Amino acid sequence: MRARLLPPALAIVFATLLCSVALLISGANPLDAMSTMGAQMFRGTTAVDTINSATVYYLAGLAVAVGFQMNLFNIGVEGQYRFAAVVAAIVGGAIELPPVLHALVIILVAAFAGAAYATIPAILKVARGVHEVISTIMLNAIAGGIVAFLINPEQFGVLSGNSVSTEPISESGWIPGVPFGNAGTVFGFVVIAALLGFGYWVLLNRTRFGFDLKACGESPTAAIAGGIDAKKMAFVALVVSGAVAGLVALPEILGRDHVYGINSTTGYGFTGIAVALLGRNHPAGIAFGAVLWAWLDKSAVSLDNIGIPQEITTIMQGTIVLSVVVAYEVVRRAEMAAEQRRVGRALADEPAGVREGGAV
Amino acid sequence: MSSSTSDGAADHPDAVVLSGITKRFPGVVANSDVNLTVRRGEVHAVCGENGAGKSTLMKILYGMQQPDEGSIEVDGGPVRFRNPQEAIRAGIGMVHQHFMLADNLTVRENVLLGAEKLFGIGSAARKRLAELAERTGLRAGPDTLTERLGVADRQRVEIVKVLYRGARIVILDEPTAVLVPQEVDELFDTVRTMRDQGYTFIFISHKLDEVRALADTVTVLRGGTTVGTVDPQVVSSRQLAEMMVGSELPSPDTRESTVTTHELLRVRELRLDADDGSDRALLDQINMTVHAGEVLGIAGIEGNGQTELVETLMGIRKASGGTIELEDAEGRVRDLTHASTRRRREAGIGYIPEDRTRYGLLLSQPLWANRMLGYQSRPPVAKGQLIDRGAARSSTEEIVAGYDIRTPNIEVAAASLSGGNQQKFIVGRELSCDPVLLVAAHPTRGVDVGAQAMIWEQIRQARHRGLAVLLISADLDELIGLSDTIRVMLRGRLVSEADPARVTPTELGEAMTGVSEIHQAEVPDEGVQG
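Protein sequences appear in the order of chains A and B.
According to my numbering, the first sequence holds residues 1 to 360 in order.
According to my numbering, the second sequence holds residues 361 to 890 in order.
Since the hints were made in silico from the structure, they are not lab data.
Heads up, some of the hints might be wrong.
[What the hints assert, rightly or not] Facing chain B, from chain A, some residues (calculated, C-beta under 8 Å):
id: 1; residue: Glu154
id: 2; residue: Phe198
id: 3; residue: Thr207
id: 4; residue: Gly227
id: 5; residue: Gln340
id: 6; residue: Val343
[What the hints assert, rightly or not] Below 20 Å or equal to it, Euclidean Cα-Cα: the simulated SDA-like pairs (lysine to any residue) are:
id: 7; chain 1: A; residue 1: Lys231; chain 2: B; residue 2: Ala699
id: 8; chain 1: A; residue 1: Lys214; chain 2: B; residue 2: Lys567
id: 9; chain 1: B; residue 1: Lys678; chain 2: A; residue 2: Ala127
id: 10; chain 1: B; residue 1: Lys567; chain 2: B; residue 2: Tyr524
id: 11; chain 1: B; residue 1: Lys678; chain 2: A; residue 2: Ala9
id: 12; chain 1: B; residue 1: Lys678; chain 2: B; residue 2: Asp633
id: 13; chain 1: A; residue 1: Lys232; chain 2: B; residue 2: Pro726
id: 14; chain 1: B; residue 1: Lys743; chain 2: B; residue 2: Ala699
id: 15; chain 1: A; residue 1: Lys214; chain 2: B; residue 2: Arg749
id: 16; chain 1: A; residue 1: Lys232; chain 2: B; residue 2: Glu706
id: 17; chain 1: B; residue 1: Lys743; chain 2: B; residue 2: Glu706
id: 18; chain 1: A; residue 1: Lys125; chain 2: A; residue 2: Ala194
id: 19; chain 1: B; residue 1: Lys678; chain 2: A; residue 2: Glu167
id: 20; chain 1: A; residue 1: Lys232; chain 2: A; residue 2: Val164
id: 21; chain 1: A; residue 1: Lys214; chain 2: B; residue 2: Ala699
id: 22; chain 1: A; residue 1: Lys125; chain 2: B; residue 2: Ala707
id: 23; chain 1: A; residue 1: Lys231; chain 2: A; residue 2: Ala334
Here the structure is a predicted model, which is why all the values come from computation and not from measurement.
We put the CB at the ideal spot given by N, CA and C, even for glycine.
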């Protein structure tokens, strides 16, 4: 447990110190900045915004984490979610179904579209050995083009004001939120995200599939010798990652915007990478990472009010990710050495102890 | 720079004195109060079982590791090496068990690489190289590509390399492990000649006949400490062995035969093409049958297709031709030629891979998770698509108890066990799941003598219960002791067959190099006696 909680704590402390130094150099008072940001935590609108953003980040983080479990770096979550969002929004706007069913269909369409888009790098990887980082980065660029093409009024889009977007989804397809009065409304999708996190945990820890996935991630050679089809696992992991990625934009589409437009926010896929790293691919860890990230994003705006550049939070986010990766590795090695010592001590009384471990 | 350092102190009789060396690693004491005195101009053998601390001691002498306690003297003066470069400057050279040569460079380039400052790269260097080649019996020309050389010549290049750098004290780390008996004799002749020219050798080995044949003095290590220093002419092999092991010797002998006529594994005309696009075959015309209760041993110099044979049988590589059939526990004959590794395992093949850390274990995961590896699709650990953690844990406890695995509990990561215990765990995992056939590649490589005896005993008992075993090993004593039939593998083919009750290691060695066939083989590519 200590091995899991210590690294992010260290990373956050280190990042805070570094940002304080940066603030001091630029002539601002770090304590002011911290207290202003801290106070935001308890302001209703920021809190609701934070939770809503965190929901989106959490989904993106889960999508990336599925790939990370077997050492696949799915940078393509960005492209996959945007492709899935535009397809789901078009389908959702075109059909009319009873409530619940309508939303369910949109969710399924999004998951399928994300999975389909991830199938391309999956096939390339398994059949041709193309590294997923290369193929998914390129597919991200292509996804941008596809989105622009599909929401063009000549295809499926509609022009409203000077912005283009998909046809609005009728109310039967919405997912109602939880209203908090003036503070805003929390996305109903937060429940689905939490369920998904639980499902992810069950999948990894209680199923054969999860065992195979983790075995492949830890040692492809041992996995193959243990009868696991490593290629199949790579394929499935990428496709599942893509399916989860397909849901990333849905909290906003089904809970607030009801369309996917040219102005919809991009970049959630990249945030997902940072959040998954921060949470060490653990469902609870990712949740923590998503909330932290969202809070930094949302409370940054308040810094402008006291004359501190809000970009300081970007520095902070970057440092946190960098230092958390280093800290995890350092702590992991220290824990491994400590365990070997512990095992050695526990067996020290036995006569064969020294010789047994001697092949060093 | 020449060997002036050693000449300056040449009147001192002792080339190397190690006293009170202690080295601790996390969890183990690899060396504890080791003392070693090597006289100038002798061949000094350092003996001990795997894991007795020989390698660690030599790494300390060669500056690769620093001792926690104790002192080192070279030519009478105290030294403290922080890295191998300093040891080389003091006149110590080491020939590693695994060669450190660049295949795509010539002999001369390999020798000169990194030592250009000594004699340049011109005619002075050539002259020095020719002189050393003469001295060490290296017959390959200086411009031959290293990849063209055989193992024995590569080893000589390694020796030339250390001499070129001015070594007067040469550490040979298990130099015979990779050689066949004939090459061993040639190496020993070279070593004796060089000893007479004034070189000092430290010869690391656990093969007693070789030690007695070559060494002037023997120091025995056991359990990380020195047991004693003796004259090999005075003590018998038996006495030496008992010094090494500390008690009665384990023996792999399994003379009473349990071989039945019941065929379990049948391999016909198996072929595996190289995947580099050439039509070279890595395996060709492999025909073999393993019966219930039989251990079929495969002898061969490493790199003659044994690894490929094992991987093709396990489905890790796809056969290019031929058939593999196995009779499963229910008595159905299954054609496994195109089956996946998982289906083969489910049909009842247990597998002890040759490299346990790469192929046998998930190092950072706990033992009970490692228990599932290879068995995750079957009860007791699988419950439909789910994993039964409770059953996995309790069956891991049974393996730990039944196979004497030294671990505080089953939650520790596999990496924190010692090598011998890791191997016992793998053997326990594979045997406890009642396989029909066990494919065992080097099952006791790199484990201590206690674990070795235990693994031999487990294989023997399983064979008694009717298990068919395919045993691949580089240890000829293990092969001869455990096998009911021995087949020799050479360049991807099974070339001859031997009866372990009658064959000698020398005969096997000759067959392994292709020098001669073993004449007692009645049917060269098929058939089993008994």
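Hints versus structure:
1. Glu154: Check failed: Cβ of glutamate 154(A) comes no nearer than 47 Å to chain B, outside 8 Å.
2. Phe198: violated (15 Å)
3. Thr207: Since the shortest Cβ distance to chain B is 6 Å, the answer is holds.
4. Gly227: Given a least distance of 3 Å, the restraint on glycine 227(A) holds.
5. Gln340: For glutamine 340(A), the interface hint holds, since the closest Cβ of chain B sits about 4 Å away, which is under 8 Å.
6. Val343: holds (4 Å)
7. Lys231(A) x Ala699(B): Answer holds: lysine 231(A) to alanine 699(B) is near 15 Å, not above 20 Å.
8. Lys214(A) x Lys567(B): violated (42 Å)
9. Lys678(B) x Ala127(A): holds (16 Å)
10. Lys567(B) x Tyr524(B): violated (29 Å)
11. Lys678(B) x Ala9(A): Given pair lysine 678(B), alanine 9(A) is violated - Cα atoms ~48 Å apart, limit 20 Å.
12. Lys678(B) x Asp633(B): holds (9 Å)
13. Lys232(A) x Pro726(B): violated (25 Å)
14. Lys743(B) x Ala699(B): violated (23 Å)
15. Lys214(A) x Arg749(B): holds (15 Å)
16. Lys232(A) x Glu706(B): holds (18 Å)
17. Lys743(B) x Glu706(B): Answer holds: lysine 743(B) to glutamate 706(B) is near 15 Å, not above 20 Å.
18. Lys125(A) x Ala194(A): Cα-Cα ~31 Å, so violated.
19. Lys678(B) x Glu167(A): The given pair, whose Cα atoms are some 52 Å apart, is violated under the 20 Å limit.
20. Lys232(A) x Val164(A): Violated - the C-alpha atoms of valine 164(A) and lysine 232(A) are around 40 Å apart, more than 20 Å.
21. Lys214(A) x Ala699(B): violated (23 Å)
22. Lys125(A) x Ala707(B): violated (30 Å)
23. Lys231(A) x Ala334(A): violated (33 Å)
Checked against the numbered hints given earlier, this structure breaks hints 1, 2, 8, 10, 11, 13, 14, 18, 19, 20, 21, 22 and 23; the rest are met.
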